[in-house]
Amino acid sequence: MIQPSLTYIEELADGNEAFKAKLIEIVKQELPEEIELYYKHVEAQLYSEAAKDVHKLKHKISILGLEKEYHLAVAYEEALREDHCDGKIQFEDILSAMSLFVKSI
Amino acid sequence: MKCIIIDDEAAARAIIAHLCDQVDNLEVVEEFPNALQAIKFLNKNQVDVIFLDIHMPDFTGFDFIDTIKNPPKIVLTTSDENFAITAFEYDCIVDYLVKPLSLPRFLKSIQKVENFVPSATSNQEETANPSTQESSQKELYVNIDRRLIKIEFEKIFLIEAKGDYILIKTEDKNYTVHSTLKKIEDKLPESLFLKVHRSYIINFKKIIDIEDNSILIAQDVIPISRANRPLLMKKLNLL
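Here the protein sequences line up with chains L and E, keeping their order. My numbering numbers the first residue of the first sequence as 20 and each following residue consecutively. My numbering numbers the first residue of the second sequence as 20 and each following residue consecutively.
No wet-lab data here; the hints were simulated from the structure. Among these hints, one or two may not hold up.
To be verified - Sample of chain E residues facing chain L (criterion: CB under 7 Å; computed from the structure):
#1 Ala29
#2 Ala30
#3 Ala33
#4 His37
#5 His74
#6 Ser98
#7 Lys118
#8 Pro119
To be verified - According to the in silico footprint, chain E covers these stretches of chain L (three or more CB under 8 Å from chain E):
#9 40-47
#10 63-76
#11 79-92
Quick caveat, the model's predicted, so the values are computed rather than measured. From the three backbone atoms N, C-alpha and C, an ideal C-beta is built for every residue, glycine too.
Please build the complete structure, drawing on both the sequences and the hints.
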């Protein structure tokens, strides 16, 4: 089960609630935009562009504490650079889990 | 040291700025979402270090380095581990940080930067810390309601940042002054005072006890940030 968390953000904030709130707000704003762009590119089979989107999404994956999923994203980014999309379903599951989590916080 | 941050991701810029905040002599003067805006800025301004993302649309981090004349020291911040070898072909690149960034790794990077920019660091310490030249002074005057009130250093317990104000807690009373922690820090003698957290400076002669990441001073429990804890421990006469 893909379980995003705020562990990394909380550790980084080290009790600084203002920073924690600011970073969460930024993630809530940036993540849907990045996901939308990724789907736009992958549906148009613009795989090299989609690879750039995955690259950026990797950081959000790590910010939300998804270590194992981060490695899946690395492999998927590489696949897209090689012009195929192995790992698409697993990667998009990660996106769904992150979207749900971000909406819930 | 003055630095800028270049990263197309707002979350990354916020994280780096937050980490820079934990370092005493490091000031973020500007943040840029792309390299082109940063180039314009650097045409008119000088900085000591740049935190630079590699993958950005239109203009990559390496394109940026190739474009600027006499680049300052650069710390690459990236989610891509594949460019480490390329990075070290550039003399100006002093470190390569892989996201997600952590405070301990970031502090190591700052140490590397300081080794490369020794003059900038020592100059700053000399000029930004007039307290070292004013060690004979025993008090500070603060402006409250158009009166200059004398506060003796030895009587101060701690100073807390409160938005645009600071709260100075002393043995006699507490004073709220329109100022910043940075401004008062420059006026305090290093032999007595230490910034232990982004919002607190303490008189470490007033410490009652220290437990994990907090200090008891008078009635107050003050947090110690991880970045400042080693300096505090160095200042204490530990058995």
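Handout entry: Status of the hint placing Ala29/E at chain L (closest C-beta pair under 7 Å)
Key = holds (5 Å)
Problem - Hinted contact Ala33/E with chain L - closest CB pair below 7 Å - result: Constraint on Ala33/E satisfied, holds at 5 Å.
Handout entry: Claimed coverage, the region 63-76 of chain L by chain E - three or more beta carbons nearer than 8 Å
Key = Contact hint for the region 63-76 of chain L vs chain E: holds, 3 residues under 8 Å.
Handout entry: Status of the hint placing Pro119/E at chain L (closest C-beta pair under 7 Å)
Key = Hint holds; Pro119/E Cβ to chain L Cβ min 4 Å, cut 7 Å.
Practice task
Would you check whether His37/E satisfies its interface hint, that is, whether its CB is within less than 7 Å of any CB in chain L?
Solution key: holds (5 Å)
Practice task
Check, residue by residue, whether the region 79-92 of chain L contains three or more positions whose beta-carbon lies closer than 8 Å to a beta-carbon of chain E, and give the verdict.
Solution key: holds (count 3)
Exercise for the section: For the hint on Lys118/E, just tell me whether its beta-carbon gets within less than 7 Å of chain L. Expected result: holds (5 Å)
Handout entry: Restraint check, 7 Å cut-off on beta carbons, for His74/E near chain L
Key = Holds, about 6 Å.
Practice task
Have a go at the Ala30/E hint: is there a Cβ in chain L nearer than 7 Å to its own Cβ?
Solution key: holds (5 Å)
Practice task
Between the region 40-47 of chain L and chain E, see if three or more residues pass the 8 Å beta-carbon test, and mark the coverage as holds or violated.
Solution key: Answer holds; 4 residues pass the 8 Å Cβ test.
Handout entry: Per-residue hint verdict: Ser98/E, partner chain L, C-beta under 7 Å
Key = Since chain L brings a Cβ to about 5 Å from Ser98/E, closer than 7 Å, the hint holds.
Of the numbered hints given earlier, the model fails none.
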